[in-house]
Amino acid sequence: MSISTNKFIMLLLSITLGLSTFQAQAVLPVAVGGNQLPSLAPILEQATPAVVNISVAGTKVSQQQLPELFKYFFGQEGQPNKDTQERPFQGLGSGVVVDAEKGYVITNFHVINDADEIVVTLKDGRTYDAEVLGSDRQTDIALLKIEADKLVDITLADSDELRVGDFTIAIGNPFGLGQTVTSGIVSALGRSGLNIENLENFIQTDAAINSGNSGGALINLNGELIGINTAIIAPTGGNIGIGFAIPSNMVRNLAEQIIEYGEVRRGILGVTGGELNSELAKAFGADSQHGAFVNQVMPDSAADKAGIKPGDIIIAVNGKPVKSFAELRAKIGTMGAGKTINIGAIRDGKSITFKVTLQQADAQMVNAKVMHPALEGASLSSTEKDAEISGVRVNKVQRNSPAFANGLEEGDIIIGINKTRINNIADLREILENNPRVLALNIQRGEQNLYRIIQ
2 MSISTNKFIM LLLSITLGLS TFQAQAVLPV AVGGNQLPSL APILEQATPA
52 VVNISVAGTK VSQQQLPELF KYFFGQEGQP NKDTQERPFQ GLGSGVVVDA
102 EKGYVITNFH VINDADEIVV TLKDGRTYDA EVLGSDRQTD IALLKIEADK
152 LVDITLADSD ELRVGDFTIA IGNPFGLGQT VTSGIVSALG RSGLNIENLE
202 NFIQTDAAIN SGNSGGALIN LNGELIGINT AIIAPTGGNI GIGFAIPSNM
252 VRNLAEQIIE YGEVRRGILG VTGGELNSEL AKAFGADSQH GAFVNQVMPD
302 SAADKAGIKP GDIIIAVNGK PVKSFAELRA KIGTMGAGKT INIGAIRDGK
352 SITFKVTLQQ ADAQMVNAKV MHPALEGASL SSTEKDAEIS GVRVNKVQRN
402 SPAFANGLEE GDIIIGINKT RINNIADLRE ILENNPRVLA LNIQRGEQNL
452 YRIIQ
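Taking the numbering used here, the leading residue of the sequence shown gets 2, the next gets one more, and so forth.
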């Protein structure tokens, strides 16, 4: 093949991949018979070491119908005829290393939910036990930590910059086969209403995603993370080219909150509303057919204090377009409480910008079992930002649990451990990570200040 013909092929490839000829030559180094051929291998050599396989094991409580014959032995007549049983389970999924130095791994909440054992397997075959630093059921995100050296992490892209038609690469562990790579494009953005999770703003892709890919990486042609693969539409049980990923910006916001506070401190705007349609747009003087229509503003909410009013049409958050109320809800719900943002809106046909400081939604509770065996059975959360006493609130204590036996009670506020003051879940977790042999819990119980010693 002549040089001119070879250059022509490279030009075609560069147009197909959206790259300059120089870039195409840089990422397509494979030569067969003297001719360069397209390959994603250089990108994958950079990205795949950051994608891990996750195996989990645990027990789930199930309700089993009791035969009629035994209903008098296990319950009174007229009551539901059920028996509660714990059944073991095992599962497989994927994850992504987002901080090599600290060993942070992102995955889906549904991958690790109810798991007692979580094992992370790296691409090079090394395996490590993982601990859950925090999770968020509403967005299906969990942050794990492993103690390992020579990890490779992945850079998070700005998912707000994605366009329909951008190339995508999915990396994960489908059906437990081991690390597998598929490719496609961004099929759609801002997908919601799928009832997969409570806060939905999915990237849709036709890159093949199957069972076991959950928690794996969706990357761009720069090898950057654009999303965490989480779900598919599969009427036949297998991939049909409709997969969904949680955008990297949502992942980043949630991970930062878990790292800082040990939990998700969900921001709340304080409005209710619906999708903008052509009739509403015309009636309220909006040129755009996309946005979030505000029906109601809650008194004393962040929106109320910023000056947002019913009838406003929200079209942007921090300068990024908002196409629907569901997208607005998902973006706000994954931003941290206390964060100040700019809301772009249309009122009476005129553009207006509001500076809003998000308030905190209801406290997110953490299962204390993941932090220390002696606290198992307690449900904990950080106290509210404006609480009189800062610390870790004990929301619930299961009877006959280790936490119950160690004297914890509902309503207790843990304000210190081993003479070290704590203000939130993150402080508590940091102390417990050092595995102290004795725990001296300083507790505020109503008007009383007391200690509980756990050995």
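The set of hints was computed from the structure by calculation and includes no laboratory data. Hints may be right or wrong, so weigh each one.
To be verified - With a straight-line Cα cutoff of 16 Å, these simulated EDC-like cross-link-like pairs (lysine to aspartate or glutamate) come out:
1) K340 with E410
2) K321 with D159
3) K146 with D301
4) K340 with E257
5) K103 with E434
6) K146 with D288
Said to hold, decoys possible - With beta-carbon atoms standing in for the labels, derived distance ranges:
7) F90 with L281: 45 to 55 Å
8) A42 with I241: 19 to 29 Å
9) A42 with F405: 48 to 58 Å
10) I234 with Q47: 43 to 53 Å
11) R438 with G126: 51 to 61 Å
Beta carbons: idealized from backbone N, C-alpha and C, even for Gly.
**Asked** Is the gap between the beta carbons of I234 and Q47 within 43 to 53 Å?
**Response** At roughly 30 Å between Cβ atoms, Q47 and I234 fall outside 43 to 53 Å, so the hint is violated.
**Request:** Sort out whether E257 lies within 16 Å of K340, counting only the CA atoms.
**Result:** holds (12 Å)
**Asked** Between R438 and G126, is the Cβ distance one that fits in 51 to 61 Å?
**Response** violated (34 Å)
**Request:** Determine whether the Cβ-Cβ distance between A42 and I241 falls within the hinted range of 19 to 29 Å.
**Result:** At 27 Å between Cβs, range holds.
**Message:** Run the distance test for K103 versus E434: straight-line Cα separation, threshold 16 Å.
**Reply:** holds (13 Å)
**Message:** Next pair to validate is K146 with D288; report whether the Cα-Cα distance is within 16 Å.
**Reply:** Violated, because 48 Å separates the two Cα atoms, which is more than 16 Å.
**Whether the CB-CB distance between A42 and F405 falls inside 48 to 58 Å** = holds (56 Å)
**Message:** Against the 16 Å threshold, does the CA-CA distance of K340 and E410 hold or violate the hint?
**Reply:** Roughly 33 Å between the alpha carbons, so the hint for K340 and E410 is violated.
**Asked** If you draw a straight line from the CA of K146 to the CA of D301, is it 16 Å or shorter?
**Response** Cα-Cα ~39 Å, so violated.
**Message:** For the hint 45 to 55 Å, verify it against the beta carbon of F90 and that of L281.
**Reply:** 47 Å Cβ-Cβ, so the 45 to 55 Å window holds.
**Prompt:** K321 and D159: Cα distance at most 16 Å?
**Reply:** holds (11 Å)
Checked against the numbered hints given earlier, the structure breaks hints 1, 3, 6, 10, 11 and satisfies all the rest.
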